[in-house]
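The listed protein sequences derive, respectively, from chains A and B.
The opening residue of the first sequence carries number 1 in the numbering used here; numbering runs sequentially from there.
The opening residue of the second sequence carries number 1 in the numbering used here; numbering runs sequentially from there.
Misleading hints may appear alongside valid ones.
[Said to hold, decoys possible] Which stretches of chain A does chain B cover? Using the computed rule of at least three CB atoms under 8 angstroms from a CB of chain B, they are:
1) 70-82
2) 102-110
[Unchecked claim] From the structure, some residues in chain A lie toward chain B, with a derived Cβ separation under 10 angstroms:
3) Arg-13
4) Ala-27
5) Val-32
6) Ala-90
7) Gly-91
8) Glu-95
9) Trp-147
Honestly, the hints are just simulated from the structure, not real lab data.
C-beta: ideal position from N, C-alpha, C; glycine also.
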Amino acid sequence: MLAALTARQTQVRVAAIFGGIAALFAATGFAVRWEHAERHGRAARHFARANALDRQLRLDDALLEYRTAVLIDREREEYQLGLADALRRAGRLAEAEAYLRSMLERNPAHGRANLALARIRARQAAAGKEHAAAADDAYRRAIAGDWPPPGPGPAPRLEWVAFLGETSRSSLQTAQLLILAQELPGPEPRRLAAAAALAPAASEERRQLIDRLRAVVQP
Amino acid sequence: MTPPPLLSRLRLNEDQRALLLSVLIGVVTGLLIVCFHVAIELIGWYSRGTPVGAQPWRTILSPVLGCTAAALLVMHVFPRGRGSGVIQTKAALYISDGYVPASAVVGKFSACAISLGSGAALGPEDPALHIGSGIASYLGRLFRLSRSHLRTISPVGAAAGIGAAFNTPITAVLFVVEEIIGAWNASVLGATVLAAVSAVVTARAFLGDSPLFRIPPFELRHPAELLVYGATGLIVGALSAVFIQAIRWLRRQNEKQPPWMAYVRPAGAGLLVGVIGVWMPQIMGPSYDAVDEALHGYYGWQWMLAFGLVKLCCTVFCFASGTPGGMFAPTLFIGATVGGGLGALASLYSPIPMSGVGSFVLVGIGTFFAGVFRAPITSIFMAFEVSGNYRILLPVMVANLAAYYVSRKLEPAGFFDMVARLEGMDLPSAEQLRERAPLRVEHAFEPGPAFAFPPGAAAEAALADLRRCGQTRRLAMRRRGGWSWVSAAQLEDFCRRGFGTESLDDLLPQGRLPHLYPDMPLDTALRLYEEEDTLPVASRAHSDQLLGVLPLASILAAYGLSPKVTRASGGRS
């Protein structure tokens, strides 16, 4: 009788322990969900505020909001790209590059991060030729990199073409225009790309054709 | 104990049940640490607001109220939740047979969530360790473990707590072995590993498996860079000694103040952190995000050095004021920022090509830790586990060991020893245990040309040899290895019975003496003395080579005990 009672008590105790653990699992799941919702919500609010401030050309205020969004939710690449882009426009190139580098360390083929890095390098190109070469590399990686569907379209290559024109590297620019003439969708953009490729190198005519091409492709 | 039916059907012995229980401890601790982490985050968001650009009044008021509330909680509601988790776990191991009250878990959880969430410049790992050891002790009592198992179960939970909080199971196990247990005990080690791994797996299931820090690629561009790492270690080591001394000095000053000051000090520390936090929000709370940013070169060397020094001051004031919280995260932050700052400064003026700032921050993470906690192995493996890069080991070893030795030279007591003594406890220090080298056979045996009769020696010849040398006995080597004592009386007996021409090996009984090796600890050797008072010492390389003999009296003399003293105390002489 006593043994049966002890066994019963032990069974109740074991059931209580495992019941308690199950309840703890449920409570932890609830708490983590709450925390994630709070984290994502807060970060999204700061990011939206940053975008709004950015549109109002209040770059310093926007930067603070972008950084807050990144600190709250550092897993969202969109926030890091937004912050890096804002830092680049504010002229804080080293800081912008640091954010992009941490993204590229995880995925060196990250298309958007490589394009953002290329823009930084392009801005630094006035300081030295090595930056122009680094910008070319970053543009190449951006064009061939990973992009979320439906992909980047012709925008990165067009941007590179414009940069090559700014840095007076006509032969590479011609080659890229010929690739664009094959890749672009629709007859008008293709015609414009081909015409720009055939126009004299470093001429005003080529520059105007490229501007028209960009206006057609990215209205 | 009456084991639960399922376990009794499995016919597990208590060791095996303790191992199974360690998995359960890991899971429960992992769940609680996830809740602890969430609580800190939520309290931080609701009290301080945004990490940067928050309203200044919130940044100031939040730590003032948080530190005060947390200190009041541990002073009046949960007094068992006070103090360092490491020291409480050691006290459970060495003093209270593994007993950690459940109220300590509740108190530590609530008080530290409030203080850390509100911005106190302390860390969550030490409280997590205390929570883990409390859970282990509670489950051990619930499952009615024996006293010996209950005593060692609290360090098992401690490893689970620190592993889940830091997301590093290897570091957790090493820290517990190096700092709390102080010895490599196989049975405890198995349970510790199981608990740490199950806690980390549980925590990752809820929080994801992304590491604590996003680690940049590590590079060592020139061997001479190691000099810079070494110099960084020396400076950080000196800083860690100053850190320990500052805490001791402040705690002693606190003891001279009237009791009501215990309520004012946490508020004062909170005010200091809050005011500085208006300009440097990076120093508030555990500061993991700031270390992550430093790793990726977001800060210049001036900012990093300023962060490190300011955090050091804030942490000293918070800890000395009695605000609940741990020291791990601040030490990582201070090491990372000071290391990164010094590395970046050196690279400005260095004639050799230098690694990126991230490499110095990464190496710096463990240097202050090594200097403060005097756990060099843990600090080295922590940097390795956090980075996942073997190449980091060499600079980490150089920097951490430099920090360790400089800190020890300038301040003999490690952080936990110092705090334990201030709290009136004299717990065994892992560092002292490591350095108290055991006495070995080589320290006591009588070396030299110890003669032994060869196995084929005849009894008559042996007796003549003994008489010529004036000896009463000598070792005789056996054909199949080993030695036996043979006395003149035995040899006379053999000769009298007509066996004078027989070989000693045929005449002597089969039993052999246990033999010793020079590297054997004396306390191990002592257990081999049963009938004989002198044992042979052999070479490990050639087991038939006799190096000397070790009389029992020489062992006692090596321990500083004269035979007279031991006889008086009833020992063997």
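Inset, instruction - List in ascending order the numbers of the hints, as given earlier, that are violated by the structure. - result: Those not satisfied are hints 6, 7 and 9.
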